[in-house]
Amino acid sequence: MAPKKVLLKVIILGDSGVGKTSLMNRYVNQKFSNQYKATIGADFLTKEIQVDERLVTMQIWDTAGQERFQSLGVAFYRGADSCVLVFDVNVAKTFENLDSWREEFLLQAGPRDPEAFPFVVLGNKVDLDARIVSQKRALSWCQSKNNIPFFETSAKDNINIEQAFEVIARNALAQERVEDIYLPDTVDLSDQKDKQSAQNCAAC
Amino acid sequence: MAAEADWLAGSHVFVLSNAGKPVFSTAGGEADLSSLSALIGALISFARGPSGADELQSVEGGGRRVVFVVREPLYLVAVTDAREPAARAARCLHYVHLSIVRILTGSIEKVLARDATYDLRALLGGTDRALRGMVEHARSRPDVMLDAVPCVPLPSATRAEFGRLLLLVQSECAVLFAVLCAHGMLVSAASPRRRPLSAPDLILLLSMLRTSPSLRASADESWVPVCLPGFAPSAFLHAHVSTLDGASDLTLLLLTHSADGFEHLKAARLALGQRLSGPTLHALRAAVAPDAREVDASSLGIRTLRHFLFLDRAASAHVCARFPRSTPGLATGSGGADADADTDTDTDTDARDEASSLLDGYAVLRGELHGSTASLSVLFVADGRRALLGQSGREHELYTAHDPLCSKAEAGAAAQQLLRWLQRERGMLLLEKQLAWPG
Chain H
1 MAPKKVLLKV IILGDSGVGK TSLMNRYVNQ KFSNQYKATI GADFLTKEIQ
51 VDERLVTMQI WDTAGQERFQ SLGVAFYRGA DSCVLVFDVN VAKTFENLDS
101 WREEFLLQAG PRDPEAFPFV VLGNKVDLDA RIVSQKRALS WCQSKNNIPF
151 FETSAKDNIN IEQAFEVIAR NALAQERVED IYLPDTVDLS DQKDKQSAQN
201 CAAC
Chain Z
1 MAAEADWLAG SHVFVLSNAG KPVFSTAGGE ADLSSLSALI GALISFARGP
51 SGADELQSVE GGGRRVVFVV REPLYLVAVT DAREPAARAA RCLHYVHLSI
101 VRILTGSIEK VLARDATYDL RALLGGTDRA LRGMVEHARS RPDVMLDAVP
151 CVPLPSATRA EFGRLLLLVQ SECAVLFAVL CAHGMLVSAA SPRRRPLSAP
201 DLILLLSMLR TSPSLRASAD ESWVPVCLPG FAPSAFLHAH VSTLDGASDL
251 TLLLLTHSAD GFEHLKAARL ALGQRLSGPT LHALRAAVAP DAREVDASSL
301 GIRTLRHFLF LDRAASAHVC ARFPRSTPGL ATGSGGADAD ADTDTDTDTD
351 ARDEASSLLD GYAVLRGELH GSTASLSVLF VADGRRALLG QSGREHELYT
401 AHDPLCSKAE AGAAAQQLLR WLQRERGMLL LEKQLAWPG
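Residue numbers (UniProt numbering), protein chains in the order written: chain H, 1 to 204; chain Z, 1 to 439.
Check each hint, because a few of them may be wrong.
What the hints assert, rightly or not - Derived DEER-like restraints, expressed as beta-carbon distance ranges:
no.	chain 1	residue 1	chain 2	residue 2	range
1	H	Glu103	Z	Pro213	51 to 57 Å
2	H	Ser144	Z	Pro213	55 to 61 Å
3	Z	Ala53	H	Asn146	34 to 40 Å
As the list claims (entries may be wrong) - On the chain Z side, residues computed to face chain H include the following (Cβ under 10 Å):
no.	residue
4	Pro22
5	Leu36
6	Ser45
7	Thr117
8	Asp119
No lab work stands behind these hints, which were simulated from the structure alone.
Where a beta carbon is used, it is the ideal one built from N, C-alpha and C, also for glycine.
Chain H extracted, bound-state conformation (with noise of 0.2 Å):
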């Protein structure tokens, strides 16, 4: 019964000109632009992938790091099974920020066990010689928030992209449901207005 092509919502977050629209022109149209154009409100775009046996189509969120486009809220995070963390590792305050944004995620997203929700980071635009943030102050921040998976990444030179699209994906795919929540009610005649044919059927 389950379709053979799994959906994934993946959210990317991080301040404005990180390159969260770079990295995902780059991932999925295979094309990079050195001009800068906010993102307004937001970009959506998909890729399909295989990841062992399973088709995965990956619904992709680019989300505008503006401040004045975050309104958008809830919706937005509503239903995510990913989320992507980027900041600029030759910019010190976009590392800094993530603390926020991924707050920001878990308390508009709600996640069922925020815990164990699979984010990922992205430490971006590596191919600059400008680094602030170190390799080892990025990983340190990662596994104090529970092991989060981190790469450095170039959407100009199309550095670690498809490797943290693929964690990306087999960590939301492990997040899929065992169980199944479907479970709809039984009528119980009791509780309609019409009490009798509850009676009826009592006496039979």
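Guided by the hints, dock chain Z onto chain H, whose structure is given.
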């Protein structure tokens, strides 16, 4: 974004979860809709604003219209030609939602509340046909637009006989509802005294029969869970479905709340089948013959009348005349009055287009009659193709189509004549009242 432009080109219905995940699409391949679903999800919740009070209803542009209906936790979307009334698309979406509830019960709400990432496609697997069938039905028939069912026209004595047969079932008191139908039209129905089956629930049951070939193909009987949103939206009832007479397509549905009621219902069906008499079946077979099951408006001898649609409020039933194959509009030779240049030779397509176009016309009249603040009771519109008259009263609504050059007075007179006929033949044309179980 190229793929999304394609989606806007045709006529589609799709459903997504409030997380922006695709659930269903009439064009199939929901996964291809992933980006568009996400966009629509964001659009709807953005339009809703912080107060949550605003609802996005429709967006129009480039001759296309996108209609939204929100039934948390689902968003339903229809893409149509902008010339089609938005109200019809919204009614269709409403019934697509009811169909999903019919299949899964309203507990989908609980499922998504507990786990917003849940992929409903897993639960809806194999039901494409049912949902697509409802969309098609909403387009081609007036049931969904009017919240009313069609009935097999039957001599009063025959209808009464079917009623008597149904009431025999009550000795098997596990039966909650009993419905007899043929060719997607109601023959008779019995229900608890104060809980008659609502028209939407009946429409859903008829739709289930129409779109589940397995229910019809099994010569003997079927046992299926079904949720009737009008009766108990969060629970399943169990339906025993059997064909009583193949020649007339007479089908019996017995509904019970008891999951182990199968044997009871089977016994009830057997008892009923045994008492079905030859003359009664004969009358039914005659009534459902292709040229008998719908009224031919032109056979009534009413001047200018081409087609009509009658809603009987008390019975929640409608009488829809047979759709004409094609409409000879005003002479097409005269200086390009009509845009209908493409003459289709396929008469089936012709009748379908004509049906759809007439229903659109009626829907516009209905919208005006119901929506106007001036509480209109009669409305007349005419174009090169036809003249339409709509009237809405306490007990009925009547929509009639006339020759294009017909005046309002002529149309009014014809409608009055038709109304008298409908009222005289009401017992034959429709099931006036569902039977109530004794006791």
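Structure-based check of all given hints:
1. H/Glu103 - Z/Pro213: 51 to 57 Å: holds (53 Å)
2. H/Ser144 - Z/Pro213: 55 to 61 Å: holds (58 Å)
3. Z/Ala53 - H/Asn146: 34 to 40 Å: holds (38 Å)
4. Pro22: holds (7 Å)
5. Leu36: With Cβ-Cβ at 8 Å, under 10 Å, it holds.
6. Ser45: Status holds, d = 3 Å.
7. Thr117: holds (5 Å)
8. Asp119: Status holds, d = 6 Å.
Consistency with the previously given hints is maintained throughout, with no hint failing.
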